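Keeping the supplied structure of chain V fixed, place chain S upon it in accordance with the hints.
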Amino acid sequence: MAQERLAAIAGIHEYPLRVAPGVSSMQIKADSMKRALDDAGLDWGDVDGLYDALDGEGGGGLGLAAYLGIKPRLLDTTQVGGSSYEFHASHALRDIAAGRCNVAVTTYGSTAASMRVPIGTGGMGRGGASWQQNMEAPYGGTLISNYAMVAHRHMHEYGTTTEQLAQISVATRKHAMRNPEAVKAMTDLQFVKVDEITVEDVLESRIIADPLHLLECCMISDGGGAAVFVSPEIARDIKKKPVWIIGAGEATKYRENGGDITTSAGAQSAPAAYGQAGVTPDEIDIAMIYDSFSITVAVMLEDLGFCAKGEVGQFIEDGHLAFDQPGLTLNTDGGGLSSNHPGMRGLFLLLESVRQLRGESNSQVDGAKLAVAHGNGGLLGGTHTGGTVILAAD
Amino acid sequence: MANRPQPSFPEPDTQHFWDGCKEGELRYQTDSDGNVVFYPRGHSTVTGDRGLSWNVSSGLGTVYTYSVVRQNRMPGFQELGAYAVAYVDLDEGFRMMSTIVGVSDPTTDIHIGQRVKVEFEEQAGDDAYPIPVFRPV
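Just so you know, the sequences run in chain order V and S. Under this note's numbering, the first residue of the first sequence carries the number 1, and numbering increases by one thereafter. Under this note's numbering, the first residue of the second sequence carries the number 1, and numbering increases by one thereafter.
Since the hints were derived computationally from the structure, they do not count as laboratory data. Note that this is a predicted model, so its numbers are computed, not measured. All C-beta atoms in this analysis are idealised placements derived from N, C-alpha and C, irrespective of residue type, glycine included.
Pair by pair, the computed Cβ-Cβ distance ranges are:
1. S:Gln78 <-> V:Lys239: 49 to 57 Å
2. S:Ser104 <-> V:Val192: 26 to 34 Å
3. V:Gln190 <-> S:Arg115: 44 to 52 Å
4. S:Gly81 <-> V:Ser24: 32 to 40 Å
5. V:Thr383 <-> S:Glu121: 22 to 30 Å
6. S:Pro136 <-> V:Leu189: 36 to 44 Å
Beyond 10 Å from chain S on every Cβ pair, some chain V residues (computed):
7. Leu6
8. Asp31
9. Gly59
10. Ala65
11. Gly81
12. Arg178
13. Pro180
14. Lys239
15. Pro281
16. Leu328
17. Gly359
18. Gly367
Chain V with its partners taken away, still in its complex shape (with noise of 0.2 Å):
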C-alpha cells in the first residue's frame, strides 16, 4: 500500500459523563482539548489551528478561541451537523499537508440532556420562514420519523426486515456492556434495562415511528471530547503511537425529484475517501458508523461498499459487527444507541478509531491496522452530509 503520511491524529480525549449538571458545553470544550493535549503530550500554547462546529454557549467558532485564550493562525468553523468533525479531520489533512498548521484540534461540548433537548421528537420547522421549512413544517414530521421513512423505503425495495435492523443494536449494546464510560451513561440515563439485549428486547420495544423501535434509536446525552491533529514531524515525538488519516471524503445529498432515498451522501463521500487512501473496503477492520438509529448503520455499510446496495440484511444475517465475530467490526465504543450521543456524535467515531488502532480499545479487535469513520449529518431522508475518513495504524 502506497498510503501518504501528511497529518495524524496524536491526542484524544472523551468527555467521561453523560449526565453533567452545572457543566457548560464550553467548558466541556476546553476541558477537552487540555486531556487530549495532554494524550499527546502536548501544550496548550502549541496549538495553532482550530476546527469547531459552532456548538457551544456562544455560538463557538470565532468565541471559542477567545474563550479558550488561544491565537490560532488557522480558524475553519464548518458546521455539517453531526459529521462536522469528520469534515474537520478531511480538512486538517489538507490543511497540514498544505503548512497551514502543525498542531491543530477540534473540540465539542453539549449538554443535550441536561437541558432536555428533545432532538429526535421535538418536531422540526421552528426555524422561521425558509424555502425549505414552508414546505415541511406544517406536517409535523420528527427527526427520527424522517430517519424511518429511509427505512420503510429500504424494507420496500430490499425486504430488509426489523429483525435484520435490530441485529445492529444487539452488536452495539454488547460493546456498550464492555465499556464503564457507557454502562455508566445507560444508568444514569435512567435505561429500563442495561445489559445486553436480544432481537426479541428491540422488537417488544415500543415504536418510535413506524417501522423504528426505541431500541433503535440513539439516546440523548451530555458530552464532548476533542482531538489533536498534527503534522508528520510533530507525530515523531508525541506520547503514543500516531494514527494516520490517509484519506477523506465529503458529500451532501438531499430530496430529490425521483431520487433514491435508500442511498445516501455516503456513496459519494467514501469512494472519494478510498481512492485517497489507497485501500479498499475489505482491507477495513473497524467501521466507526455513525448510529443515530439502526437503519443509518445499516444504509451506510453499504454505501461505504462492505456490501452491495439493498444487501445489507443478508450481511448482517451473515454475521459480522461484534469485536468477537469475525469479518467487519461495528461501533466498538457502544455506538450512540448505546454509549453517547449529545447531538453531533461524528467527534466520537474519530475517538474510538484512534482507540483501535492503538490497541486501547474495551472491545479491542486484534491487530486491527485501518478504521473508517463515517459521519451523516442532518437528515438521512433529507438533507444531509456525509464525512468519510480512513485512518491508519503503522
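Just chain S now, with coordinates in the frame of chain V:
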C-alpha cells in the same frame, strides 16, 4: 386538531405555491427545457436559469415512503394520535412531503405505492393557508 404550522412570509420562493393552495391548486414549476423544479425556487436546479413557468398539478400521485409518528412533542401535534408523514411522488414528476389522511389506522392502512390525491385542508382563521394533504383513491 389545532392549526397545523403555517408557512411564514415574506418568503419569495414559496409565496406563489401557497397562494395556489388558497385557489385549490397544487402548483409546481418547470424550466424552459421542461425540467421539473420543486420545492419552488427562483432558479432552475438543472441550468441555474431564472424565469421558471408555473403549472398546476393533477394532484394525483403515489406514496414513495412514509412513517407514522407516534411521538411528537411539538405543540399542535403532541395531542394528536399517530399520524403519517410521507413523501408523495406526483404524476408530473415532483416529490413533496405531506401527510396521508382519511385512513382509519395509519399504522396499517398506508403503504408504499398507494395511489393518492391531493386535497386542501382548511385551517382556522380568515387569512390561514389551507394545507395540501393526500387521501387514498
